[in-house]
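S.K.: Kindly generate the complete structure, drawing on both the sequences and the hints.
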Amino acid sequence: MANVLYLRVSSKQQDLIRQKYVFEKQNIIFDKVFEEKISAKDTNRPKFKEMMDWLREGDVLYVESFSRLARNTRDLLDIVDKLKNKEVKIVSLKEDFDTDSSHGKMILGIFALLYSFERECMLERQKEAFEARRAANLPVGRPRVRMSESFGKNYHRWKTGEITATQCMKEENLSRTTFYKLVKDYEKENRSSTC
3 MANVLYLRVS SKQQDLIRQK YVFEKQNIIF DKVFEEKISA KDTNRPKFKE MMDWLREGDV
63 LYVESFSRLA RNTRDLLDIV DKLKNKEVKI VSLKEDFDTD SSHGKMILGI FALLYSFERE
123 CMLERQKEAF EARRAANLPV GRPRVRMSES FGKNYHRWKT GEITATQCMK EENLSRTTFY
183 KLVKDYEKEN RSSTC
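With the first letter of the sequence shown counted as 1, position 92 gets the number 94 in my numbering; the numbers rise by one all the way through.
The set of hints was computed from the structure by calculation and includes no laboratory data.
Mixed in with the good hints there might be a few duds.
Across the chosen pairs, the derived CB separations fall in these ranges [unchecked claim]:
| # | residue 1 | residue 2 | range |
| --- | --- | --- | --- |
| 1 | Lys155 | Glu126 | 40 to 50 Å |
| 2 | Thr179 | Gly154 | 41 to 51 Å |
| 3 | Thr168 | Gln28 | 49 to 59 Å |
| 4 | Thr162 | Arg193 | 53 to 63 Å |
| 5 | Gln128 | Arg178 | 23 to 33 Å |
| 6 | Lys155 | Asn46 | 36 to 46 Å |
Cβ coordinates follow ideal geometry from the N, Cα and C atoms, glycine included.
M.R.: Spelled out as structure tokens, the structure:
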């Protein structure tokens, strides 16, 4: 069993002094400390990933607050779930939280409910916006990309080998997917007009 400490700040300009001080007052001996200066916008953080691989059954992970682990409820719940499956306990000082305590389990349940509620509200708002736009005869979804006046000319330059597909996409300012979709539409349109 190891005591593991994870310290994180969002940018290189910030320092970890405050978090270190908080833990010095706790008199906990740490077997391993992971420190990084990076945003928690997602879980793709080098030291975080190293820590997740390093943790073993029976270890205790200490953080100053949940915000050190994750910035959103979904990521936090995913992290807690992964650590629970590894049988790693999490202790957060700021929230006075311990995944082994009944209080901690209750808080996790509340987080899960809040995340579910947030998601349901978001889906409901999307549905309402969709229905309102449809009722007002406004376009729904992403606006369709139209062919420019120069598309036909650039299409023929590409087909005759004068330019590459990549150059054609650049000329038309189109992504690869949109370019090939418009090529398909253009070819279909021109096939039917010649019939």
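S.K.: Are the hints correct? Go through all of them and say.
M.R.: We went through each hint and held it up to the structure:
{"no.": "1", "hint": "Lys155 <-> Glu126: 40 to 50 Å", "in the structure": "holds (47 Å)"}
{"no.": "2", "hint": "Thr179 <-> Gly154: 41 to 51 Å", "in the structure": "violated (20 Å)"}
{"no.": "3", "hint": "Thr168 <-> Gln28: 49 to 59 Å", "in the structure": "holds (57 Å)"}
{"no.": "4", "hint": "Thr162 <-> Arg193: 53 to 63 Å", "in the structure": "violated (18 Å)"}
{"no.": "5", "hint": "Gln128 <-> Arg178: 23 to 33 Å", "in the structure": "holds (27 Å)"}
{"no.": "6", "hint": "Lys155 <-> Asn46: 36 to 46 Å", "in the structure": "holds (43 Å)"}
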